[in-house]
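Enquirer: So the sequences go chain by chain: A and B.
Under full-length UniProt numbering, the first residue of the first sequence carries the number 1, and numbering increases by one thereafter.
Under full-length UniProt numbering, the first residue of the second sequence carries the number 1, and numbering increases by one thereafter.
To be clear, the hints were calculated from the coordinates, so they are not data collected in a lab.
Mixed in with the good hints there might be a few duds.
Identical copies look the same in the list; a pair holds intra-copy or inter-copy alike.
Each computed SDA-like pair below joins lysine to any residue, with the alpha-carbon atoms no more than 20 angstroms apart [to be verified]:
no., residue 1, residue 2
1, 187, 142
2, 181, 294
3, 181, 62
4, 187, 141
5, 187, 64
6, 187, 197
7, 181, 142
8, 324, 240
Protein chains: 2
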Amino acid sequence: MGGDFGPSVTLSSASLALSEHPNLNLLLVGQQTVIEPWLQQQPANYQQRCKILHAEQVVEMDERPVSALRTKRQSSMRKALEAVAAGNAAACVSAGNTGALMAMSKLILKTLPGIERPALITALPTMDGGRLHMLDLGANVDCDSETLFQFALMGSAMTQVVENIEAPRVALLNIGEEEIKGNDQIKQTAQLLQQCEDINYSGYIEGNAIFAGQADVVVCDGFVGNICLKTCEGLTSLMLAKMFPGRNLPRWKKWLIGLIFPGVVTLKKAMNPDQYNGASLLGLRGIVVKSHGNADVGAMASAISEAVLEVERQVPDRIADMLKSALLGN
Amino acid sequence: MGGDFGPSVTLSSASLALSEHPNLNLLLVGQQTVIEPWLQQQPANYQQRCKILHAEQVVEMDERPVSALRTKRQSSMRKALEAVAAGNAAACVSAGNTGALMAMSKLILKTLPGIERPALITALPTMDGGRLHMLDLGANVDCDSETLFQFALMGSAMTQVVENIEAPRVALLNIGEEEIKGNDQIKQTAQLLQQCEDINYSGYIEGNAIFAGQADVVVCDGFVGNICLKTCEGLTSLMLAKMFPGRNLPRWKKWLIGLIFPGVVTLKKAMNPDQYNGASLLGLRGIVVKSHGNADVGAMASAISEAVLEVERQVPDRIADMLKSALLGN
Numbered sequence: 001m002g003g004d005f006g007p008s009v010t011l012s013s014a015s016l017a018l019s020e021h022p023n024l025n026l027l028l029v030g031q032q033t034v035i036e037p038w039l040q041q042q043p044a045n046y047q048q049r050c051k052i053l054h055a056e057q058v059v060e061m062d063e064r065p066v067s068a069l070r071t072k073r074q075s076s077m078r079k080a081l082e083a084v085a086a087g088n089a090a091a092c093v094s095a096g097n098t099g100a101l102m103a104m105s106k107l108i109l110k111t112l113p114g115i116e117r118p119a120l121i122t123a124l125p126t127m128d129g130g131r132l133h134m135l136d137l138g139a140n141v142d143c144d145s146e147t148l149f150q151f152a153l154m155g156s157a158m159t160q161v162v163e164n165i166e167a168p169r170v171a172l173l174n175i176g177e178e179e180i181k182g183n184d185q186i187k188q189t190a191q192l193l194q195q196c197e198d199i200n201y202s203g204y205i206e207g208n209a210i211f212a213g214q215a216d217v218v219v220c221d222g223f224v225g226n227i228c229l230k231t232c233e234g235l236t237s238l239m240l241a242k243m244f245p246g247r248n249l250p251r252w253k254k255w256l257i258g259l260i261f262p263g264v265v266t267l268k269k270a271m272n273p274d275q276y277n278g279a280s281l282l283g284l285r286g287i288v289v290k291s292h293g294n295a296d297v298g299a300m301a302s303a304i305s306e307a308v309l310e311v312e313r314q315v316p317d318r319i320a321d322m323l324k325s326a327l328l329g330n
Numbered sequence: 001m002g003g004d005f006g007p008s009v010t011l012s013s014a015s016l017a018l019s020e021h022p023n024l025n026l027l028l029v030g031q032q033t034v035i036e037p038w039l040q041q042q043p044a045n046y047q048q049r050c051k052i053l054h055a056e057q058v059v060e061m062d063e064r065p066v067s068a069l070r071t072k073r074q075s076s077m078r079k080a081l082e083a084v085a086a087g088n089a090a091a092c093v094s095a096g097n098t099g100a101l102m103a104m105s106k107l108i109l110k111t112l113p114g115i116e117r118p119a120l121i122t123a124l125p126t127m128d129g130g131r132l133h134m135l136d137l138g139a140n141v142d143c144d145s146e147t148l149f150q151f152a153l154m155g156s157a158m159t160q161v162v163e164n165i166e167a168p169r170v171a172l173l174n175i176g177e178e179e180i181k182g183n184d185q186i187k188q189t190a191q192l193l194q195q196c197e198d199i200n201y202s203g204y205i206e207g208n209a210i211f212a213g214q215a216d217v218v219v220c221d222g223f224v225g226n227i228c229l230k231t232c233e234g235l236t237s238l239m240l241a242k243m244f245p246g247r248n249l250p251r252w253k254k255w256l257i258g259l260i261f262p263g264v265v266t267l268k269k270a271m272n273p274d275q276y277n278g279a280s281l282l283g284l285r286g287i288v289v290k291s292h293g294n295a296d297v298g299a300m301a302s303a304i305s306e307a308v309l310e311v312e313r314q315v316p317d318r319i320a321d322m323l324k325s326a327l328l329g330n
C-alpha cells in the first residue's frame, strides 16, 4: 500500500517480479478490495503464486514512527513484518514510510545478537564497472563509534555474501584521508576497525573517491549517508536530464550517439537508479528491503529482486555468523 | 607556496589573473629565491604590479593546525594573513592546508562581532543555469544550532552582495522535508531561522534538490558539507571522464557531438569544476579565499577572481552590517 504512488506501482511490480523469478511466490499485504480485482486480471500462473493477506490500515508516508507503532497495528506494513517473523514469508519488501518500517522491523523482527540498531544499506555503481555497498543511509541520524563499528561488520558480511568477495575493503567516510581529520566518533571508529581482525579495513575515504572503486563497503552515519546518496541521485538524474532533454530522442540520434559516443550510453545504463533501488535493513532477524517511495514499476521490481537474492544467500544467517565471531568472540 | 603543486601553479595563475584583472596588484608571499626568478621573466607591466613579500617557512599540507600556529610564524600563509590584517593587502588567496588557514585566519584577522566560527562557502551551479552558495564545507566538523544559524546569516548576506539577490532563499540541508526529520541541531536551527526576520528561510532541503535551483543558500555543518561537495565533484568528474574518455577527442567527433547532442556540451561547461574553485572563509574581518589543493592554473586564477569580486563588493563590511541588524538588534 506504500510509496508515493501506492498499489498502482507495487502491484504492477509484483507481476514483473513474478515473470522474472519463476520460483517466487508473493504474499500481497494490504486492502483486499484493492488487491483482489487486480489479481483476478492476472494470468492463472501468477494467481496461483500470489496470496492476499488483508490489512485494514495503511501507514501514511509522513506519519511519525512512534504514532505508527501505537496506532497502526492492523497496517499492511506491520502485517507484512509479522508474516516474516512467523515464518510465513521469507522477506518483506516495502515502499512505505522509512522511519516507521525501521521502528516496526526492530520491534517485530528484533535485532541480531550484539546489534543495537539496524542500518540501511544499498549497492551503488562504481566507475570501474564494479559495485560498492554503502551504509547507513538514513536509519540512524546520530551514531556513536560502537554503532558505526557494527555497521562496518554488517556491511562487510553482507558484501561478502552478496558479491562473493572474500575480504571486502571497508572504508570509513571522512572529510580527509589523514589520521587527524574528522570528528571524535570517526576517529574512535577508525581505532575499533584497525583492531578488528574480521574486517579488511582500508582507512578513511573522501567523498570524491566513493565511486572510484577504491572500496567495497563505505561506512557513515545515517545523516551523512542519506544526504550523500540523495545528492548523488539528484545530480545524476539532473545531469542525465540535461543530456537527454527529450525522452523520445529519434532513433537515428540514439544510433549516432552510440556510434561516436559510447561512453554516454554505458554511463546511462550504469547510473540508472532503477537497478539500484532497494535498500536493505541490516541487523534484523529477517530480511526487509525498502524501496524508494517514488520508485516506478521497474525500480520496485529491482527491490523485490534484491529480497530474492538475500533469501537465496541467507544474508541474516551469514551476518549472524560473522557477528558471533567478531563481537562475541566465538 | 601551498597546494599540491606549489609555486609552479600559483605563480602561473598569478600571471593569468593579472591579465584578466587590469586593476589587480599582487603581493606574492613566499620564498624569494623561488618567486624572484619567475617574476623577472614576466612582462614589465606584470613586474610593476607585483611585490614579493619574503617568507622563510611553508605550512605543510598535512600539518596539524595547532602545530602550524605555534611553529610557523614565518610562513607564507601567516605573513599573507598579516598583510591583510595590516591593510597592506585587500585579500588573501591560498591553496594551502585548509585547517591551518582557518586557524591562522581566526587568530590574525579575528571574527566579525557576533560570529564565533568562520565558515567555508562556495558557489555551485544549479541545473537551471543559476548558482547557489553552500556552507559550511569543512571548516567546522561539529556545529550546534547557534553556529548553523550564524552560517545562514552569513551565507544570506554573502549571496545578497555577490549575486545581487534581494532576499536569497535560505534552505537547511536535511534528510527529509517534513518537520519531524533530522537531528536535534537541525530542528533547533530551523526554529531559529523561522523566527529571524532578516532571513528568507525556505525550509529543509534534501540532497537530491540541492542542484535543482530551489535555494540560493544551502546551510549544513562542515562534515556533511565537505563530504557532500566532494562526492559531487568526484561523481561529476568520473561521469565526465566516462563520457569523454580521451582528452584529445578528434575535432569531427566534438563537432558531431555538439550538433546532435548539445546538452552534453552545455553540461560540461556548466559543471566545469575550475570555474567554481575558490571557497571563501566567511565571518572574518578580512577576505580569505581558499583554492583547492589540486587546482590547476585556470582553477587557481578563478579563486583569485573570487577574491577580486569580494574586494569590489566589500563582502566583510556588508556581512558585518547585516549581522549587526540580525544578531545585535541595531
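Enquirer: Hint by hint, say whether it matches the structure.
Expert: We went through each hint and held it up to the structure:
For the identical chains of this complex, residue 187 and residue 142 are neighbours both inside a copy (15 angstroms) and across copies (13 angstroms), given an alpha-carbon limit of 20 angstroms. Taking identical chains as interchangeable, the C-alpha atoms of residue 181 and residue 294 lie at most 20 angstroms apart only when they sit on different chains, with a minimum of 18 angstroms there against 36 angstroms within one chain. Proximity of residue 181 to residue 62 under the C-alpha cut-off of 20 angstroms is restricted to the inter-copy arrangement: shortest distance 10 angstroms between copies versus 37 angstroms within a copy. Within a single copy, residue 187 and residue 141 get their C-alpha atoms as close as 18 angstroms, and across copies as close as 12 angstroms, so both meet the 20 angstroms cut-off.
In this assembly of identical chains, the alpha carbons of residue 187 and residue 64 lie at most 20 angstroms apart only when taken from different copies (15 angstroms versus 33 angstroms within one copy). Proximity of residue 187 and residue 197 under a CA criterion of 20 angstroms is satisfied intra-copy only: 18 angstroms inside one chain copy versus 39 angstroms between copies. For the homomeric pair residue 181 and residue 142, the shortest alpha-carbon distances inside one copy (19 angstroms) and between copies (12 angstroms) are both at most 20 angstroms. Taking identical chains as interchangeable, the C-alpha atoms of residue 324 and residue 240 are never at most 20 angstroms apart, the minima being 44 angstroms within one chain and 44 angstroms between chains.
Of the hints listed earlier, the one the structure fails to meet is number 8.
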